[in-house]
Amino acid sequence: MKRLIWALLVTILVLAVALTALNRSDTAAGTAPVIAGAPTALDVLARGEYLTKAADCVACHTVQGSGSPYAGGVAFKLPFGTIYSSNITADPDSGIGSWSDDEFVRAVREGVRKDGQHLYPAFPYAAYTRLSRSDVLAIKAYLLSLPPVKQRNRANDLNFPFNQRWTLSFWNAAFFKSQRFAADAAKSPQWNSGAYLATALGHCAECHTPRNFGYGLEHGHELAGEELQGWRAYNITADVAHGIGSWTDVELAAYLKSGHAPGHASAAGPMGEAVSHSLQFLNDEDVASLVTYLRSVPAQAGKQPIEIDFKPAPALASTDALPGGDSGSAHVQGLNLFEGACASCHQWNGAGQQTPYASLLGTRGVNDVSGANVTQAILQGVNMRVAGNNVYMPAFGTGYSDAEISALANYVIAHFGGKQGNVTPDDVAKRRSL
Amino acid sequence: MLQKNPRALTLLNLAAEKIGWNQGTLPPRVGRGISLGEPFGSHVCLIVEVEVTAQGEVRLRRAVVALDCGIAINPSSIEAQIQGGLIFGLSAALYSGITVKKGAIEQSNFHDYRSLRINEAPRIEVHCVQSTQPPGGLGEVGTAIAAPALGNAIFAATGVRLRALPVERRLLVQSADALQRTVA
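Protein chains in written order, with the numbering used here: chain W, 3 to 436; chain D, 555 to 738.
Keep in mind the hints are simulated off the structure, nothing from the lab. C-beta: ideal position from N, C-alpha, C; glycine also. Hints may be right or wrong, so weigh each one.
[Said to hold, decoys possible] Over the 12 Å line for every Cβ pair with chain W, so calculated as not near, a few chain D residues:
#1 N567
#2 Q661
#3 V721
#4 R723
[Unchecked claim] No more than 20 Å apart at the CA atoms, straight line, and that leaves these computed lysine to aspartate or glutamate pairs for DMTMM-like:
#5 K432(W) <-> D731(D)
#6 K432(W) <-> E605(D)
#7 K432(W) <-> E722(D)
Take the sequences, apply the hints, and build the full model.
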């Protein structure tokens with residue numbers, strides 16, 4: 003019995019030591035590579051503003067449409083409950099106005115807030131941990147220079163045991179490593195800037211890298227694509243068929259800057275937010291650096307790879323104004339709906355009119371047989387502001403039934419992707435609830 | 555029952571005859587519904603024929619209207635007004651819900667406040683009887699009679715008696731597994 007107790011005590015001690023060791027913070031201040039849009043010579047507020055945009059803080063900390071900037075309250079629906087983002091305005095009570103530099107840096111880079119409680123990794127501290135202290139403090143200076151907003155943080159709505167913040171020390175031990183960005187001397191300065199923009203500031207991996215059973219990032223499959231909040235974040239590795247390997251530098255840069263790359267993609271959903279809140283504000287040099295970095299991400303096919311049909315027979319058999327090539331009665335309902343609600347902007351040949359964003363051919367959306375993003379775009383529409391212009395598609399979710407939207411999505415996949423979609427009304431219902 | 559209302563009886567018989575009531579059997583999940591009334595001083599009978607798909611979508615196959623609007627001056631305008639009013643009424647019954655969220659109406663434009671598209675509209679026959687009665691209204695006659703006939707037709711097709719409008723298509727699903735299939 004005595005031996006058993008000893009063994010138990012030793013085990014607990016070993017576990018505690020291991021947990022502490024795995025939760026150890028990198029004490030280095032860290033050095034950022036040169037970011038063209040935010041040179042160190044620049045005034046700290048201007049630098050902070052650029053970095054805040056590059057880190058896309060506003061997207062998660064501002065309720066779309068109705069919320070005050072950075073006042074938080076955005077809901078993140080996760081499989082185990084809902085998390086609400088927090089107020090990061092200068093208000094001393096409900097915001098972060100009373101936080102010291104060290105407290106702010108610890109929150110951003112270690113995921114531990116002022117009161118010592120863990121933040122949930124919906125806040126991408128796993129990426130921000132790579133930021134340099136001076137960059138984090140520039141962001142803080144900028145945030146605190148904005149008008150304070152008094153708005154209490156909304157309590158999370160999580161199931162047990164996920165509502166126990168202390169359990170996150172186990173998650174951190176398993177999946178989080180506190181570590182500053184380290185420049186790779188073997189790579190070009192441009193690559194290093196791009197790596198810092200993509201992995202420390204822009205946190206691309208948070209959506210584009212697959213997650214494991216414990217919600218940790220699968221680092222062996224960097225940027226190979228994942229589905230999050232009902233949208234697919236596509237494979238953006240250098241894979242020619244399934245990633246962005248076939249895109250030219252100009253196309254990639256155009257996509258990051260404007261949300262549209264001719265013949266490849268138009269951003270919507272969370273990526274639309276990333277473009278409208280963040281990426282469009284990067285200067286051309288930084289966008290070029292990002293492209294350089296993305297090019298170097300090892301090619302992978304990823305989960306549920308999408309085969310793009312660049313010459314879908316039905317769309318090619320159609321004109322801008324008239325459909326052709328659709329197979330018999332298989333898609334009558336979808337065709338009727340497309341005719342009534344979609345054809346006037348997207349056109350039967352998928353070329354799109356009024357705006358290049360309405361073109362459909364060659365996009366992964368219409369080639370994905372799961373119809374994830376096509377369904378989401380139909381349900382939620384698109385509403386982003388890029389370079390002073392509105393990019394807009396109406397949201398058809400409330401006007402159309404699940405059966406109709408599934409039929410429409412399958413028609414779009416057949417007509418513009420040349421393949422059989424497998425969207426069911428139940429799938430649509432599920433995406434509605436996300 | 556209608557012996558004391560000969561104008562209504564004439565219209566009911568006329569509409570039934572024109573749609574072929576009791577002639578042959580209808581396919582499964584196809585049904586007909588009748589509405590009869592005297593809105594706006596006109597007498598009217600509508601029979602609408604619908605198909606309800608396994609996934610609960612309502613397809614309008616046919617509509618027959620028998621009308622006694624008193625003395626008929628301009629027959630083609632009468633036909634047009636009845637057709638237009640009926641399409642408006644069917645749109646409202648099928649799609650045009652208004653919902654309020656946080657004190658504001660959610661519907662903003664035609665993408666979320668639907669009306670019947672031309673490719674969703676049924677073939678509509680309007681049969682106007684000769685009459686010397688004083689003229690009645692026409693503009694909203696078709697609108698007023700749309701929903702009751704539609705509700706009855708859906709009941710005839712599915713056995714589901716709807717108690718609220720617009721039509722909640724989820725209630726008309728044939729079986730739960732129908733929603734786990736792609737639409738053919």
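To see whether the hints hold, each was checked on the structure:
{"no.": "1", "hint": "N567", "in the structure": "35 Å, holds"}
{"no.": "2", "hint": "Q661", "in the structure": "7 Å, violated"}
{"no.": "3", "hint": "V721", "in the structure": "10 Å, violated"}
{"no.": "4", "hint": "R723", "in the structure": "5 Å, violated"}
{"no.": "5", "hint": "K432(W) <-> D731(D)", "in the structure": "15 Å, holds"}
{"no.": "6", "hint": "K432(W) <-> E605(D)", "in the structure": "26 Å, violated"}
{"no.": "7", "hint": "K432(W) <-> E722(D)", "in the structure": "18 Å, holds"}
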